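Chemist: If you want the building blocks of each chain, they are given just below.
There are 2 protein chains.
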Amino acid sequence: MKNPLRVDEMLNPHVSVDCVVLGFDGEHLKVLLVKQTGHEESGYYNNMKLPGSLIYNDEDLDEAAQRVLYELTGLNELHLIQFRAFGSKNRTNNPKDIKWLERFHQLNQKVERIVTITYLTMVKIDKKLTHLSDRYEACWTDIDALCPLAFDHNQIIGEALWFVRQYVQTQPAALFDLLPKRFTAAELRTLYETIYDRKFDVRNFHKRIAQMKYVLPLEEFQTGVAHRAARYYKFDRKLYNKLHGMGKSFSPDEHNEIY
Amino acid sequence: MKNPLRVDEMLNPHVSVDCVVLGFDGEHLKVLLVKQTGHEESGYYNNMKLPGSLIYNDEDLDEAAQRVLYELTGLNELHLIQFRAFGSKNRTNNPKDIKWLERFHQLNQKVERIVTITYLTMVKIDKKLTHLSDRYEACWTDIDALCPLAFDHNQIIGEALWFVRQYVQTQPAALFDLLPKRFTAAELRTLYETIYDRKFDVRNFHKRIAQMKYVLPLEEFQTGVAHRAARYYKFDRKLYNKLHGMGKSFSPDEHNEIY
Numbered sequence: 001m002k003n004p005l006r007v008d009e010m011l012n013p014h015v016s017v018d019c020v021v022l023g024f025d026g027e028h029l030k031v032l033l034v035k036q037t038g039h040e041e042s043g044y045y046n047n048m049k050l051p052g053s054l055i056y057n058d059e060d061l062d063e064a065a066q067r068v069l070y071e072l073t074g075l076n077e078l079h080l081i082q083f084r085a086f087g088s089k090n091r092t093n094n095p096k097d098i099k100w101l102e103r104f105h106q107l108n109q110k111v112e113r114i115v116t117i118t119y120l121t122m123v124k125i126d127k128k129l130t131h132l133s134d135r136y137e138a139c140w141t142d143i144d145a146l147c148p149l150a151f152d153h154n155q156i157i158g159e160a161l162w163f164v165r166q167y168v169q170t171q172p173a174a175l176f177d178l179l180p181k182r183f184t185a186a187e188l189r190t191l192y193e194t195i196y197d198r199k200f201d202v203r204n205f206h207k208r209i210a211q212m213k214y215v216l217p218l219e220e221f222q223t224g225v226a227h228r229a230a231r232y233y234k235f236d237r238k239l240y241n242k243l244h245g246m247g248k249s250f251s252p253d254e255h256n257e258i259y
Numbered sequence: 001m002k003n004p005l006r007v008d009e010m011l012n013p014h015v016s017v018d019c020v021v022l023g024f025d026g027e028h029l030k031v032l033l034v035k036q037t038g039h040e041e042s043g044y045y046n047n048m049k050l051p052g053s054l055i056y057n058d059e060d061l062d063e064a065a066q067r068v069l070y071e072l073t074g075l076n077e078l079h080l081i082q083f084r085a086f087g088s089k090n091r092t093n094n095p096k097d098i099k100w101l102e103r104f105h106q107l108n109q110k111v112e113r114i115v116t117i118t119y120l121t122m123v124k125i126d127k128k129l130t131h132l133s134d135r136y137e138a139c140w141t142d143i144d145a146l147c148p149l150a151f152d153h154n155q156i157i158g159e160a161l162w163f164v165r166q167y168v169q170t171q172p173a174a175l176f177d178l179l180p181k182r183f184t185a186a187e188l189r190t191l192y193e194t195i196y197d198r199k200f201d202v203r204n205f206h207k208r209i210a211q212m213k214y215v216l217p218l219e220e221f222q223t224g225v226a227h228r229a230a231r232y233y234k235f236d237r238k239l240y241n242k243l244h245g246m247g248k249s250f251s252p253d254e255h256n257e258i259y
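Top line first, the protein sequences correspond to chains A and B.
Take the first sequence: its position 17, counting from 1, is numbered 17 in UniProt numbering, and each next residue is one higher.
Take the second sequence: its position 59, counting from 1, is numbered 59 in UniProt numbering, and each next residue is one higher.
These aren't lab readings, by the way, just hints derived from the structure by calculation.
If you're wondering where the values come from, they're calculated on a predicted model, not measured in any experiment.
You may find that some hints are simply not true.
Since copy identity is lost for identical chains, a pair holds within one copy or between any two.
Said to hold, decoys possible - Cross-link-like lysine-lysine pairs, in silico, DSS-like; alpha carbons within 25 Å at most:
hint : residue 1 : residue 2
1    : 199       : 49
2    : 199       : 242
3    : 199       : 181
Start from the sequences and build out the full structure, keeping to the hints where you can.
Modeler: Here's what the structure looks like:
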């Protein structure tokens, strides 16, 4: 070894998981937040944060992420994608966050630094889920209208969005996890516009839907709307898997056509 | 909070970084490994492992990854991509790995569990790099011919390959980081075949190269070869950035054409 390592000060931090649960209400992209409540000299505070927790000695990372979502939001058996570790020494700079954490976990030891492993999941905001989030006082917040959150959770959500943009390019099925079982072309376009933060031409987008072989038009139409009733579509997962299943390897032919 | 958390046993592990440095010698995909040497009752052992280290108290994760590569292989200023955290409680099952680590870092405390954050980088195996890896006793090993490595490093390399396959679909420029400045069509095809673990038809692949606008044919040809001298090509990064730069947002038109 040419450069002997320093023998002091090896990091022995706490490790946590934090979950970014994304939903879509037909107009806006939403993220599921939980409360971070406590008292300070200046009085009672009520901040918001991502669902998260330190992990237990006997727990694997993925297990911890599933547990925390179940404990804090009632959600379970979700497809969680690990997307990044955040370990900056600045992420625990706010003493309020540390005090809250020590109290929340009833820790006897001091918390100095926390490396957090983040997970992402995309869900349909349906009745069952709304009921659950009510019970757990978890709330869906517009991703464009976030207040300052605990720790570096604003930054984590920003990176989650960046990750989603990359992810859906190779796994477009993930987008349909955000939509109801049947959806209109306008809803699908709005979702694309939200994810990519840009407008798409309505007519061109219709043509594109026609080319997405796994998006099938239904003989069902909106009812009780003032404007012309729009057709519903559905995502056919079986067909999608057949066309672009995990087993299929990518070919440079397909690759090149992206551009 | 409806489900109070257990107050015992919050994990307080060590945190490390491990780096998967991939190279390509024109025929095989290679990974850079360093030695893990020591004594056991059964005698001297000489295993291989990924370049890695516990992180220091004053270090951010990305800094630690850059430091360890410099200290163990002499490489610096590489573009490192964080790709996953590994934190299974089984990853430190082998007492030999733990003993080695405690001795290597001259630790006074016991190491029980280590969460490692992994980084990936793709490099050209050129003369300078060969010289460096000689000096540091780091060695390039065929990714198809790996012995059992320390900790869960075989699994980490497997996941790195999976990650690369996804990554180059949205960031194809990364593939050219593995190639010399000028390369033949056969070398590019072999690289694709290695990454995707399948064969590509030679004629079709030539057509595809012609469609990759950022791959330019040169008026230079192989010399001193027994077979017909092949033409060299180069990757034009400026043109690539202009066509598909980071700033460009993705459109569903492009998206759809992948399939």
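Chemist: State for each hint whether it applies.
Modeler: Cross-check of the supplied hints:
no., hint, result
1, 199 / 49, "neither (30 Å within a copy, 48 Å between copies)"
2, 199 / 242, "between (31 Å within a copy, 22 Å between copies)"
3, 199 / 181, "within (24 Å within a copy, 39 Å between copies)"
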